Every structure is written in C-alpha cells, then in structure tokens.
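Colleague: The hints should help you fit chain P onto chain Z, whose structure is shown.
Which chain is which? The protein sequence lines are Z and P, in order.
At position 86 of the first sequence (counting the first as 1) the number is 93 in this note's numbering, and the numbers step up by one without a gap.
At position 62 of the second sequence (counting the first as 1) the number is 67 in this note's numbering, and the numbers step up by one without a gap.
Think of the hints as simulated: they come from the structure by calculation, not from any bench.
Remember, predicted model here, so these are calculated numbers, not experimental data.
Hints should not be assumed to be uniformly reliable.
Simulated DEER-style distance windows between Cβ atoms [as the list claims (entries may be wrong)]:
| hint | chain 1 | residue 1 | chain 2 | residue 2 | range |
| --- | --- | --- | --- | --- | --- |
| 1 | Z | 74 | P | 44 | 28 to 34 Å |
| 2 | P | 84 | Z | 15 | 38 to 44 Å |
| 3 | P | 16 | Z | 23 | 40 to 46 Å |
| 4 | P | 8 | Z | 10 | 27 to 33 Å |
| 5 | Z | 74 | P | 19 | 47 to 53 Å |
| 6 | P | 25 | Z | 117 | 28 to 34 Å |
| 7 | P | 19 | Z | 91 | 36 to 42 Å |
Calculated pairs, PhoX-like style, for lysine-lysine (alpha carbon to alpha carbon, straight line, at most 25 Å) [what the hints assert, rightly or not]:
| hint | chain 1 | residue 1 | chain 2 | residue 2 |
| --- | --- | --- | --- | --- |
| 8 | P | 22 | P | 64 |
| 9 | P | 64 | P | 76 |
| 10 | P | 22 | Z | 51 |
| 11 | Z | 64 | P | 64 |
| 12 | Z | 16 | Z | 51 |
| 13 | P | 8 | P | 76 |
| 14 | P | 8 | P | 68 |
| 15 | Z | 64 | Z | 16 |
| 16 | Z | 21 | P | 8 |
Yeah, the Cβ is synthetic: ideal placement off N, Cα and C, and Gly gets one too.
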Amino acid sequence: NAGVTQTPKFRILKIGQSMTLQCAQDMNHNYMYWYRQDPGMGLKLIYYSVGAGITDKGEVPNGYNVSRSTTEDFPLRLELAAPSQTSVYFCASSYAGPPSSPLHFGNGTRLTVT
Amino acid sequence: SQKIEQNSEALNIQEGKTATLTCNYTNYSPAYLQWYRQDPGRGPVFLLLIRENEKEKRKERLKVTFDTTLKQSLFHITASQPADSATYLCALAGGNQFYFGTGTSLTVIP
Chain Z
8 NAGVTQTPKF RILKIGQSMT LQCAQDMNHN YMYWYRQDPG MGLKLIYYSV
58 GAGITDKGEV PNGYNVSRST TEDFPLRLEL AAPSQTSVYF CASSYAGPPS
108 SPLHFGNGTR LTVT
Chain P
6 SQKIEQNSEA LNIQEGKTAT LTCNYTNYSP AYLQWYRQDP GRGPVFLLLI
56 RENEKEKRKE RLKVTFDTTL KQSLFHITAS QPADSATYLC ALAGGNQFYF
106 GTGTSLTVIP
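Chain Z extracted, bound-state conformation (with noise of 0.2 Å):
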C-alpha cells in the first residue's frame, strides 16, 4: 500500500495562474480531505468529502475547488493564485469520518504563490 500520494511536492506559481494538487489513496478509504498548514496556525481543514459525488467545505474553503469522480483521488483546484495561498498542503483520509476514525496524510505539497 502506497497510502496517500500527494502531487507535486513543491510548486511555486505567479499571482493569478491556477494549479490542480493531486491527491490519491489505494486504501479504499470513503473520507477525504484538505487541509492546509501555515507557521503557528495549525492545520485548517479546506474542503472534505465523505465519498465520492460528495463534498463539503471546510474552515477555509474560499479560492479553491474540489471534485471526487472516484473513490481514490480527490484533487484540489486553485484558481487565480493569490499570495495568501502560499502555504504546505495536506491531503488525509479515513475509513470511517469523525471522531474515532484516524486520518491518513500524505507528505503535503508546499506551495509558493509570488
């Protein structure tokens, strides 16, 4: 098991352009989610889903968008890069959803937006 794979592991964008993070796990998982993750701030959930054709936004949804064609990959759009997007990405899933169902991470993509 690869667990969850997260593409690419550094990107850095100009203000304005757009990018697509991928995210797939081979756990057979129903949850999935984004967070992301700035100096003292701890993980902020973006947007979630609880299987596929099904998604929700989290904390800290705005300038991004989700989809979930399938069970394995849930990617995480940016559209028109803004600086405050710069940032580590974090995408997770769990079997079950919360609150007893451990998350999986994978090793996060760090995103630069100048």
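Modeller: Leaving out everything else, chain P in the frame of chain Z:
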C-alpha cells in the same frame, strides 16, 4: 468551532526523562481525542486515540490522559529518546471535521 491550545513554547528535555505535552480545548467536550506526530517535511502520523470514558490510555512508552472536567489531555513520552524529537499535534472532532492544535515541538537532547 472548537479552539484547541497546545504548549506554544518548544519543549527541550534530556534523553531518558519523561516529556509531558498539554492539549487544552474550549467549547463543547469531544467524545474522542487523537494525538499525531509530525516530522519536518512530512505529514502527521496517527499515534493514539482516547475516548471520553477512558481516563488513560497507553501504547508502549506513550501515555495519554483525558480529563473532560478540565477540558485537557496530557501526552507523556517516558524514557524519551532523540528519535522522539518531532512536533506533536492533538486533534478533536466536531461534526464532520477534525480540529487540530498548533502542535508542540519536542527536542530530546542526548
């Protein structure tokens, strides 16, 4: 939303000693609390889960307590080793979300 506070200062301890990390939360009391370890450049890794009716839980050198009256969890690493150096995060669930603390950076000095 849930507010979670962890030791804001980095914690440095001598090898072999017990490290104690604190997680305090406000608002409602969660039924479960989770602890994760995060190494530099890596995603968090799940360590332990404790339920509200479990006062204490152990896994090898790790021990977690959960005091719903104080709204606090303590995370202990006994006989600490340099390999335990990392950032430790606590997490609580609310609705369909997990809320994470900012983490405590632990350094174990040989």
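Colleague: Next step is simple, just say for each hint if it's right about the structure.
Modeller: To see whether the hints hold, each was checked on the structure:
For the pair residue 74/Z and residue 44/P, the beta carbons lie near 31 Å from each other, so the given range of 28 to 34 Å is met. One distance hint, 38 to 44 Å for the beta-carbon pair residue 84/P and residue 15/Z, holds here, with the actual separation near 39 Å. For residue 16/P and residue 23/Z, the Cβ-Cβ distance of about 42 Å falls inside the hinted range of 40 to 46 Å, so the restraint holds. Our hint of 27 to 33 Å for residue 8/P and residue 10/Z holds, since their Cβ atoms are close to 30 Å apart.
The hinted range of 47 to 53 Å is satisfied by residue 74/Z and residue 19/P, whose Cβ atoms lie roughly 50 Å apart. Look at residue 25/P against residue 117/Z: about 31 Å separates their beta carbons, and that is inside 28 to 34 Å. The hint said 36 to 42 Å for the Cβ distance between residue 19/P and residue 91/Z, and at roughly 41 Å that hint holds. At roughly 17 Å between alpha-carbon atoms, residue 22/P and residue 64/P fall within 25 Å of each other, so this suggested pair holds.
Taking the CA atoms of residue 64/P and residue 76/P, the gap is about 22 Å. The hint holds against a cut of 25 Å. In summary, the hint linking residue 22/P to residue 51/Z is not supported, as the alpha carbons are separated by about 33 Å, beyond the 25 Å threshold. Using a Cα cut-off of 25 Å, the hinted pair residue 64/Z and residue 64/P is violated, with the two alpha carbons roughly 35 Å apart. Restraint check for residue 16/Z and residue 51/Z: the C-alpha separation of about 19 Å stays at or below 25 Å, so the hint holds.
Between residue 8/P and residue 76/P, the direct Cα distance comes to roughly 11 Å. Compliance with the 25 Å bound is thereby established for this hinted pair. Distance check on the hinted pair: residue 8/P and residue 68/P sit about 23 Å apart at the alpha-carbon level, within 25 Å; holds. A C-alpha spacing of about 24 Å is found between residue 64/Z and residue 16/Z, which places the hinted pair at or below 25 Å, so the restraint holds. Between the alpha carbons of residue 21/Z and residue 8/P the distance comes to roughly 34 Å, so the proposed pair goes past 25 Å and is violated.
Comparing the model with each numbered hint stated earlier shows that hints 10, 11, 16 do not hold.
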